[in-house]
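Asks: Chain by chain, the residues:
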Amino acid sequence: MKPPLFEYIRAETIEQAVGARATHEYSAVLAGGQSLLPTLNFRLARPEAVIDIGRIAALQGTAVQGQEIIVRAMARQRAVERDDAIFAANPLIRETLGHVAHAIVRNRGTIVGSISHADAAAELPALLLATGGAVIARGPKGERRIEADAFFQFHMTTTLKPDEIAIEVRIPTLPARTGWAFMEFTRRHGDYALAGVCALLTLGADGRISAARLAGCGIASRPVRLGAAEGALIGQAPGVTSFAAAGRAAREAVTAADDRQASKAFRRHLLDQLVVRALNLAAERATGAPS
Amino acid sequence: MSRRIAPALPERSTDPRRSISLTVNGETVTREISTRLLLSDFLRHELRLTGTHVGCEHGVCGCCTVMIDGVAGRSCLTLAVQADGASIRTIEGLAADDGTLHPVQQAFRECHALQCGFCTPGFVMAITSHFEESKSVDLSEEGIREMLSGNLCRCTGYQNIVAAVRRAAELMGRS
Ligand SMILES: Cc1cc2nc3c(=O)[nH]c(=O)nc-3n(C[C@H](O)[C@H](O)[C@H](O)COP(=O)(O)OP(=O)(O)OC[C@H]3O[C@@H](n4cnc5c(N)ncnc54)[C@H](O)[C@@H]3O)c2cc1C
Ligand code: FES
Ligand code: FES
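Line by line, the protein sequences are chains B and V.
Going by this note's numbering, 21 is the number at position 21 of the first sequence; the sequence numbering is gapless.
Residues are numbered in this note's numbering as their position in the second sequence, beginning at 1, plus a constant of 1000.
Rather than coming from a laboratory, the hints here were simulated on the basis of the structure.
Owing to the predicted nature of the structure, the values given are computational and were not obtained by experimental measurement.
Don't take every hint at face value.
Every beta carbon over 10 angstroms from chain V, so not counted as near; a handful from chain B, in silico [stated by the list, open to error]: (1) 2; (2) 33; (3) 63; (4) 190; (5) 255; (6) 266.
Derived EDC-like pairs (lysine to aspartate or glutamate); straight-line CA-CA distance at most 20 angstroms [stated by the list, open to error]: (7) B/161 - B/143; (8) B/2 - V/1046; (9) B/141 - B/119; (10) B/2 - B/48; (11) B/2 - V/1032; (12) B/264 - B/119; (13) B/161 - B/15; (14) V/1135 - V/1170; (15) V/1135 - V/1146; (16) V/1135 - B/149; (17) V/1135 - B/81; (18) B/141 - B/68; (19) B/161 - B/25; (20) B/161 - B/119; (21) B/2 - B/15; (22) B/141 - B/15; (23) V/1135 - B/83; (24) B/2 - V/1015.
All residues carry an ideal CB built from backbone N, CA and C; glycine is no exception.
With these hints in hand, go ahead and build the complete structure from the sequences.
Replies: Spelled out as structure tokens, the structure:
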């Protein structure tokens, strides 16, 4: 199908984009268009105005600043995936991006767009949660920082206000002695996850687990931190016993009801096993990681 | 009873319009278009470049793939106004003026990598852009499958398309 009628606004500056957000009751921000265009084509959304932020110079590119990676709103997924400086700063980003759609979709899709879209099964929101990142929003009243834990509310619903745009996401660089892994189960390559896990595992000087951050996607009405699994790991020695306990603890996080694709019981099994495998890989990488 | 062919419909659209200027296969075009027109429809309906096909209009099938500023993208997920100022390449722009096929096209022909041909323009553009944008292309079975994963074909079973990628690499001296 074809998009419905809307007012097309090409913003040249962030201020113009925010201004257009404020003067239209129901507007949509057009970044890479890889989720917005399908919803327009199917008329699932009928925004009054579409605000194209693609040409705003201040929203292009990425930067590594101290302990944070700044990903601006128009940084395309594929460009970030190929960026060696970003890979050096946090290799989990490239690994996660490899599971998002297909290369041709990533050529145009943005990281900030995927996080703003906040599909409950999408990989990048889980990445933001697991790494403890944040979204920087700009609205008529200025800028604010929304921590990942306070950003995702429900499938496709975030705490971003209708008059704000997300100008950046901030992803922490990889901490010392930390291993990482993203794993998911999909029916076909490039699909959204039936269940996915993003894991960071930090080993202390004594070889025990000093920090663990895990987030899951595809398992609830939003991406979720796997707090119980994290709790089962802290202070333990990495290995079969602690990882199996973490996998079991993660099961409860699956709240998605049975659907066409998978039953709740199957998703719980998947999540459990994905947690174990992701932790194994993360532990292996943590051992080789710089301290 | 004789049926009369209807006269052309008057232009009844009240859509907001905007003038865009872009290059398509090296030629500059300027058109005034509806701001909700998809790039795929702009190419097909406005420019009559019907080689770019439309299967699903939600990014899944890949047969509308074109190159936008040198990078492959879905023309069905791009508004024509977004392409203002861009350089677009479509399947019509691949063969040389004298009709000599592009190596990827030649490989498709040699390997019988198409049956109905509906998906072919999208595959050829996707593969061409992969070769152009990557210094080294992974020609393992898995690497090629990954390269092709964003395009669907309902006829061939992909086997010959995989073979065509290898043949194209040979023809371009990239294997
Ligand atoms: C075939 C196909 C397969 C896909 N598979 C996957 C997959 O496996 N996993 C996955 O995670 N995604 C998948 N996607 C979606 C893809 O990752 C999208 O690119 C991404 O979700 C949205 O990024 P975008 O830049 O294209 O955003 P757009 O489509 O431009 O915008 C998406 C939404 O976010 C809002 N938005 C965008 N940017 C901002 C901003 N800066 N501030 C405020 N609001 C904003 C828009 O208003 C819109 O509502 C797939 C898409 C396709 C077409
Ligand atoms: S028509 Fe564009 S991907 Fe199917
Ligand atoms: S040749 Fe028919 S769909 Fe691919």
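Asks: Now look at each hint and say whether the structure bears it out.
Replies: Evaluation of the provided hints:
1. 2: violated, 7 angstroms
2. 33: violated, 5 angstroms
3. 63: holds, 22 angstroms
4. 190: violated, 5 angstroms
5. 255: holds, 28 angstroms
6. 266: holds, 24 angstroms
7. B/161 - B/143: At roughly 12 angstroms apart (the allowed maximum being 20 angstroms), residue 143 of chain B and residue 161 of chain B satisfy the hint.
8. B/2 - V/1046: holds, 15 angstroms
9. B/141 - B/119: violated, 27 angstroms
10. B/2 - B/48: The given pair, whose Cα atoms are some 16 angstroms apart, holds under the 20 angstroms limit.
11. B/2 - V/1032: holds, 18 angstroms
12. B/264 - B/119: Holds, at about 18 angstroms.
13. B/161 - B/15: Cα-Cα ~16 angstroms, so holds.
14. V/1135 - V/1170: At roughly 15 angstroms apart (the allowed maximum being 20 angstroms), residue 1170 of chain V and residue 1135 of chain V satisfy the hint.
15. V/1135 - V/1146: Since the Cα atoms of residue 1135 of chain V and residue 1146 of chain V sit roughly 16 angstroms apart, the hinted pair holds (cutoff 20 angstroms).
16. V/1135 - B/149: violated, 39 angstroms
17. V/1135 - B/81: Distance ~15 angstroms between residue 1135 of chain V and residue 81 of chain B Cα, so the pair holds.
18. B/141 - B/68: violated, 25 angstroms
19. B/161 - B/25: Distance of about 11 angstroms is within 20 angstroms: holds.
20. B/161 - B/119: holds, 17 angstroms
21. B/2 - B/15: Outside the cut-off at roughly 30 angstroms; violated.
22. B/141 - B/15: Roughly 11 angstroms separates the two Cα atoms, so the pair holds.
23. V/1135 - B/83: holds, 14 angstroms
24. B/2 - V/1015: holds, 13 angstroms
When the structure is compared with the earlier hints, violations turn up for hints 1, 2, 4, 9, 16, 18, 21 and for no others.
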